[in-house]
Amino acid sequence: MSASMLSTRGLTKRFGGLLVSDCLDFDVVPGELHAVIGPNGAGKTTLINQLIGELGPDAGTIEFEGRDITALPTYRRSLLGISRSYQITSVFPDFTALENVALAAQAHDGHSFGSWRPVSREERLVRPALAALEEVGLSVKKDACAAELAHGEHRQLELAMALVSRPKVLLLDEPMAGMGGLESESMIRLLGSLKRRFTIVLVEHDMDVVFALADRITVLVYGKTIASGLPGEIRASIEVKRAYLGERYASG
Amino acid sequence: MLPETLSARSPRVIAVVVFMLLLAAVPLISAAIGQSYYVTLVTRILVFGLAAASLNLILGYGGLVSFGHALYLGIGAYTVGILSFHGISNGWIHLVVTLALSALVSFLTGLVCMRTSGVAFIMITLAFAQMFYFLGVSLKQYGGDDGLTITQRSDFGPLFSIQGNTGLYYLALGLVAATLYLSWRFVHARFGRLLLGTKSNIRRMRALGFPVLRYQVAAYVISGCICGVAGLLLANFTNFASPAYMYWTVSGDLIVMVILGGIATIMGPLVGAAVYVILETVLSAYTQHWMVILGPVIVLIALLANRGLYGLLLAREPSDSGSGAP
Amino acid sequence: MTWNLLVTQALNGLQFGVVLFLLAAGLTLVLGVMNFVNLAHGSLYMLGAYIAAAAFARSDSFIVAGVAAVLGTLLIGVVVERTTLRTFYARGHLDQVLATFGLILFFNEAVRIVWGASPVYMRPPDAFSGTIELLGFTYPSYRVLVIVVGLLMAGGLYLLIHHTRVGMLIRAGATNAQMVSVLGVNIRLVNTLLFGLGAAMAGLSGLMAGPIFSVQPGMGDNVLIAVIVVIVIGGIGSVRGAFYGALIVGVVDTVGRIYLPLLLRQVAERTVADAAGPALASMLIYLFMAVVLAVRPQGLFPARR
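Chains as they are written, first to last, in this note's numbering: chain A, 36 to 287; chain B, 100 to 425; chain C, 173 to 477.
Only chain A is shown next, with the shape it has when bound in the complex (with noise of 0.2 Å):
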């Protein structure tokens, strides 16, 4: 087995009286897609911000590449390679699509001190900016302003900003939030095709894309691992069945 690339011991989160990560053991192989999967409230979204450091565990300890992260401030893990995407579209809405990428880009190009280039004409950074909304599909809207995007598109641009930077982990949460049916389904080809090029880490509801696309799942229950294993093992597991007991299926 190869040793992980990003995992936690004994996670541990509480907002007040409320236990939202409950000695939570984790980790992420290189190069496959890890789905978390778990009712509403598991705590999915809490381990993606304790993951990247917007939040403070309580106890517990986070590893990347073998190092102790856990009190590594969120830009200093960015720039270590772990990026993320945010379910509640998070992006720069006064800018255009191509700017938002462009800035996203310009994080991991060294600093930003002492240039005097109008970032337009930054080449370094707009190129790869393009590259990324060419993967996502977005490149006709680049020079759109982001606030007036529709959803599916905020939905692409998230996810060309969590690229653009080639992070060694994606931290992919809900990318599919709020999609329609088309929309969803260039979005599934695109999970497809970024699933061998980049360690993921994705949080969904969909089952259908997840038994698809993951190489591994974790089922999270009230912020604790239930199960964690290749999808038939998930698929079969009596513990899974009994969390989702009652549950309907949701798509999108």
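Derived from the structure by calculation, the hints contain no laboratory data.
Glycine included, C-beta positions come from ideal geometry on N, C-alpha and C.
One should not assume that every hint holds.
Dumping the calculated EDC-like pairs for lysine to aspartate or glutamate here, alpha-carbon to alpha-carbon at most 16 Å [stated by the list, open to error]:
#1 B:LYS239 / C:ASP446
#2 B:LYS298 / A:ASP129
#3 A:LYS230 / A:GLU67
Simulated restraints on C-beta separations [as the list claims (entries may be wrong)]:
#4 B:LEU120 / A:GLU100: 57 to 65 Å
#5 A:GLY66 / B:ILE301: 30 to 38 Å
#6 C:LEU323 / B:VAL381: 46 to 54 Å
#7 B:HIS388 / C:LEU323: 38 to 46 Å
#8 C:ALA440 / B:VAL112: 54 to 62 Å
#9 A:ASP60 / C:ALA448: 56 to 64 Å
#10 B:LYS239 / C:GLY264: 36 to 44 Å
#11 C:GLY264 / A:ILE261: 37 to 45 Å
#12 A:GLU183 / C:ALA448: 56 to 64 Å
#13 A:ARG102 / B:ALA123: 34 to 42 Å
#14 C:GLY356 / A:GLY66: 25 to 33 Å
#15 C:GLY302 / B:VAL195: 56 to 64 Å
Add chains B and C to chain A, keeping to what the hints say.
Just chains B and C, lined up with the frame of chain A:
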């Protein structure tokens, strides 16, 4: 919409250039019609326009509401005042010391203030500025509450002289023009985009990998230094240094100018300063109690001035072909 | 440094602290619960002092003056909130700062128009115009009254917030205003009540400060800055923080102004001490604030959310 990005031939650039040329002509026109008053009025506008432009960098583009920028006016003014008091009237020394002090104070206060955000930041900048006001008042040997008269203006040697009002006017105009041009370049380059990003979504900026704090402090330092230079001009303009320059209402005035003119626009602060100074001048000629009118006017400005006067002008333009235009 | 002087100054500091607390409590609640920056809070204090002075001069009864001040500022506060400030709740802090800044200018000038620019003299009530014996020291009885009233108000506020339904609503509103309104509570009413409470306390503070500090246009501005320091030190939204912060600031500022120059004379040359002493003393509370911010940015007693 984003700050302006345009080619050198677009109508807006031409309008700005014409405007600046008109400003350059003011002393000539003023002399021609024999009314030196206009030179002093517009000098005042330029000085506060420079200060407002410096505030716009961190407030308009960076989203950092500093209610204590008048502090740097005081630093510049007192540098000139105290050095002159001790017989040092070399303008270059005044300039270097102003920049050094402004940088130091803004760096230290910036480090402390940036640990907070939102409301706390506003209040802390206010408190720090007032602290320096009290410091100025307690400097009895330099006039204290009464202020310090400056007998001779900063001497910039053989290069140029600001002993006369026209000389000072052109120095102020030159500094304003340089600041606005550099701001324009800055805003479209990496640092400027970074600041704008932090203004709209700081959480995402960190997640993208930006060490936001150091850039915010750097922007604050740059802003403080420019405002310090405005203070140097102010002291030369009034031949006076006073703690009143640092009083918190002056910081409030600067914020009004920035908002009135248009946040996150290049020309906005100058436009806002012009309107505000002229408004003050007109109102105070009308009644001794002009503040009772100015107060509600400011409330109205806060209520209505979404994009500011200059911002409204920008919005009425047909849009460019997107910000990717060269 | 005599013991007598130290105790007197400490008591003066306590009294200043109490005045600050009444202002800080209202401001920190409005800030913490309603997320609204009200710089005009100092103006309410000033209006309270002026109304009290005017009512006292006419009626010769301190009680009438007190009622007038509190009700007057309550009324003005509520009217201003409903007509002007309410529109700014949804706006960002920048607009709120600007609007309340405009209000300060307006009120300062309005007061100047009505009562003139010179300070108005207000004497303490006859019953408290003397001194009392306190642990072997004589101390003005009026200042003792101020301290007692202030501490009683602090106690009353504590009871209100932690032991009444209204207080529970305030605490709930601080955590989640939307949820509270969904539960059927009229959040606008709660906001107005909260604002009114703050205004009334500001008026009370102005009333009590009248005989001690001079009643003049702009008297609210400097006090406001001190209140801001109190809130930052104590923690935004925390009444407990406002209480301890106010006492700390009150005592440090008052005692510091007397003792710091004296202290400096002991360790530095006289001319240096005489020059630097008053300067440092006036900066003392701000330096203290800077230290607190550097070490504990959320304040010494942050409101638990």
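Where does the structure disagree with the numbered hints, that is, which hint numbers, in rising order? 13, 14
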